[in-house]
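Chain Z is already provided as a structure; the job is to place chain H on it using the hints.
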Amino acid sequence: MQRIRLRYTKRGRLRFTSHRDFQRAFERALRRAEVPMAYSAGFTPHPKVSYANAAPTGTGSEAEYLEIQLTEARDPETLRTLLNESLPDGLDITDAVEARTSGLADRLQASVWEIRLDRVAPADAERAVAAFLEAETVEVERRTKNGMRTFDARAAVAHLEASAGRGDRPGDGGCAILRLVVRHLTPAVRPDDVLSGLRATADLAPPVPAAVTRLAQGLLDEESGTVTDPLAPDREAVQAAPPTAAELTAAVAAPEGSA
Amino acid sequence: MSVESVFPQLEALLPHVQKPIQYVGGELNSTVKSWDECDVRWALMYPDAYEVGLPNQGVMILYEVLNEREGVLAERTYSVWPDLEELMREHKVPQFTVDAHRPVSAFDVFGVSFSTELGYTNLLTALDLAGIPLDAADRTVDHPVVVAGGHAAFNPEPIADFIDCAVIGDGEQAVLEMTEIIRAWKAEGRPGGRDELLFRLARTGSIYVPKFYDVEYLADGRISRVVPNRSGVPWRVSKHTVMDLDEWPYPKQPLVPLAETVHERMSVEIFRGCTRGCRFCQAGMITRPVRERSITGIGEMVDKGLKNTGFEEVGLLSLSSADHTEIGDIAKGLADRYTEDKIGLSLPSTRVDAFNIDLANELTRNGRRSGLTFAPEGGSERIRKVINKMVSEEDLIRTVSTAYGNGWRQVKLYFMCGLPTETDEDVLQIADMATKVIAKGREVSGKNDIRCTVSIGGFVPKPHTPFQWAPQLSAEDTDARLEKLRERIRGDKKYGRSIGFRYHDGKPGIVEGLLSRGDRRVGAVIRAVYEDGGRFDGWREHFSYDRWMECAERTLPEVGLDVDWYTTRERTYEEVLPWDHLDSGLDKDWLWEDWQDSLDETEVEDCRWTPCFDCGVCPQMDTSIQIGPTGRKLLPLSVVK
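Taken in order, these protein sequences are the chains called Z and H. Residue 1 is where the first sequence starts when you use the numbering used here, and the numbers rise one by one after that. Residue 1001 is where the second sequence starts when you use the numbering used here, and the numbers rise one by one after that.
Hints were generated in silico from the structure; no laboratory data involved. Among the hints, a few may not be true.
[What the hints assert, rightly or not] Okay, the calculated beta carbon distance ranges per label pair:
(1) H:P1629 <-> Z:E77: 48 to 54 Å
(2) H:H1091 <-> Z:P187: 31 to 37 Å
(3) H:H1091 <-> Z:P242: 54 to 60 Å
(4) Z:R119 <-> H:Y1545: 42 to 48 Å
(5) Z:V208 <-> H:P1082: 19 to 25 Å
(6) H:D1083 <-> Z:P207: 19 to 25 Å
Note that the Cβ used here is the ideal one computed from N, Cα and C, for glycine as well.
One chain only, chain Z, in its complex shape (with noise of 0.2 Å):
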């Protein structure tokens, strides 16, 4: 039995996929690349994945996480280049490591967002920043299941600081962009909480749909405001202590892709 985990992205026209579309999509990739899976028990046996903290549907990400079980051990990084070739564009394995170490979910303790304000003049977006962060408490509403909810969105934000960007297409003129970095806190406070509570301090009010990504997330670093790679530990431990030999021979013995 080995574990690998994996960081992933969602790029471009597929950051419009929701959390079940992904699942769905990278479980069918991994039957493509005749990934050697455990399966769950029952009468419905599921691979097993092991997913961790999903971007909201219709933001970006860097860096979203997960780990698989496998029956035979493989190589992470010949692991990693099969299902890129089965995965479509924008849904990207960019890490792979053998699992070392117990609670990646425990070490994903913040995110760092990049929010992208077309048509937003950056000074406006500066006061805003300013404004919102000198707040106690900003209060922001969100449709959830059991209807509005309200609940304070300053105390999660970590850091928050806006900068001037180039716009997208010609003639759009400046626009703002804000890096941002949020505490995982219940209830969760997404980048859209946040962007509510520049409108409600500052009235900040962009044109346009903001453009979201997610670039890291890891252990925070709260006095440079920002977190640690969640594979190093895995990945120092690996290099403390390579596969042994007869792993070793497992992994290369297996053919890659024995189609």
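Okay, now just chain H, sitting in the frame of chain Z:
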């Protein structure tokens, strides 16, 4: 001249709509070809939501057949939900294809596949969103040729004003034939404009162009005749028939969507056509003769398809899958081959007989035995003779007792209500049949918790069937009969609780009936419903019976008719039917004799195993029955692990 993608404009709308993934394309095995390197370009539409339209086999097959050809491209488009439609109108985003997001109006051909008449209002929505005039008469040489296909196209008269042409029958060769005609016409510099192109299509004798036919009416509203208004146009238009299915192993690379759709499986059509001769079944009449795909052809398609898709289920499709001459070997061969891979097998549309239980056991030997479905269609022995569904009550009880004995816990039975000559008593016998099923099931399984579900829908008479002359039962009478059945089942103290009852009320059936057997004058109703906001008529939450009736009351009196005239009226032998000039190969006199036999409760055998009954299809269309057995076997695939 290249065509811009509308995706940038569409993208800004997507965060505001439900399930945006259905509009972005990029499905596995989808194709985007260079616009400029192709000279004939098809936009193919299934006029329903993406989740229903994407798995449609017809569209998938034509998409692949066309894209495989050099210089030809095909892209797909589906109906957008009302939330996106509203935004598209507000922001002036046209109907687009999901492949390269090109505007539908830029294509040479706009092909729409109608499995059901309930897609007609969605056709109008798509035309309007595309900026294509609703009336074919208002289109210019620069608009796409709008062509209808699919089973409903066997009577395209209700949409005759909105389409340029219709193709009946199998589409594989027909789309290529059309492509060549369009290519030649374009290469010559589009001589004679749109009219000349349509004439060249009509001249083939197998593409129907409504504008080249005048319909003349009698004083009482019936049709007196349908006559070509231009020399060189044939009196009747024939259907297309593909003869060797093994030569057409499509789809080879089925589309795998990211969005969730209604059928998530690798489907293989194991044969086309059916000669069981069920008199209500339009599909069985218009797809004759039976043409089997060989066992080895099937095996190869399943193997390649699974590799190309990663699907976890295989569906063996046809109108009556257990009738394939080598179905036993196919089922066993596939089950053997995929035991290790956790691939499920399913066999929709099976008949009531014990052999099917063996098959079902084979298909589920790796999984759970939950439910089995059978379709006796009629509740009484008498009505089953009327519809030529040759199942005796004895057969059914024997079959279900085998099923319960083999560990199946639930049996689902399909019926119809409103069949010709039907009385309350015929329908009430459904309850008796269900109680007998439960009684037998409890006896053989030794358990009390087995179930039987009765599912029943209203019968709609269809063109090109022996029942094309039959009166349709009114919605009120259908509902009253179903209510009596419901009471009978509920009132049964001993067995009622083990019987589930599912039914559809009679109203949607009346609209379907109006559209199925309608003529060109029904077009005004469709247009009025569309203009009044009618969309997605196949969806309970969008369908409005009252709107349809209100629009019919507004438009049909102008021609002196009403909905009843089209639905509950019985036709006579002499009447010219709106679809008589569309030749499905069936001899109209044979259909009439079969209708008379039906009233006499006389059954007809299947011509696969008995001599020919002269339905007319084989000689008329120069086709023949193609069945096995081939004697070949499915070999296990060599697995390299």
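Evaluation of the provided hints:
1. At about 50 Å, the beta-carbon gap between P1629 (chain H) and E77 (chain Z) stays in the expected band of 48 to 54 Å.
2. Between H1091 (chain H) and P187 (chain Z), the C-beta spacing of about 33 Å keeps the proposed range 31 to 37 Å intact.
3. In this structure the supplied range 54 to 60 Å holds for H1091 (chain H) paired with P242 (chain Z), their Cβ-Cβ distance being about 57 Å.
4. Checking the proposed 42 to 48 Å range against R119 (chain Z) and Y1545 (chain H) shows it holds: the Cβ atoms sit about 46 Å from each other.
5. Between V208 (chain Z) and P1082 (chain H), the C-beta spacing of about 23 Å keeps the proposed range 19 to 25 Å intact.
6. A C-beta distance of roughly 20 Å is found between D1083 (chain H) and P207 (chain Z), which places it inside the suggested range of 19 to 25 Å.
Taken one by one, the earlier hints all hold for this structure without exception.
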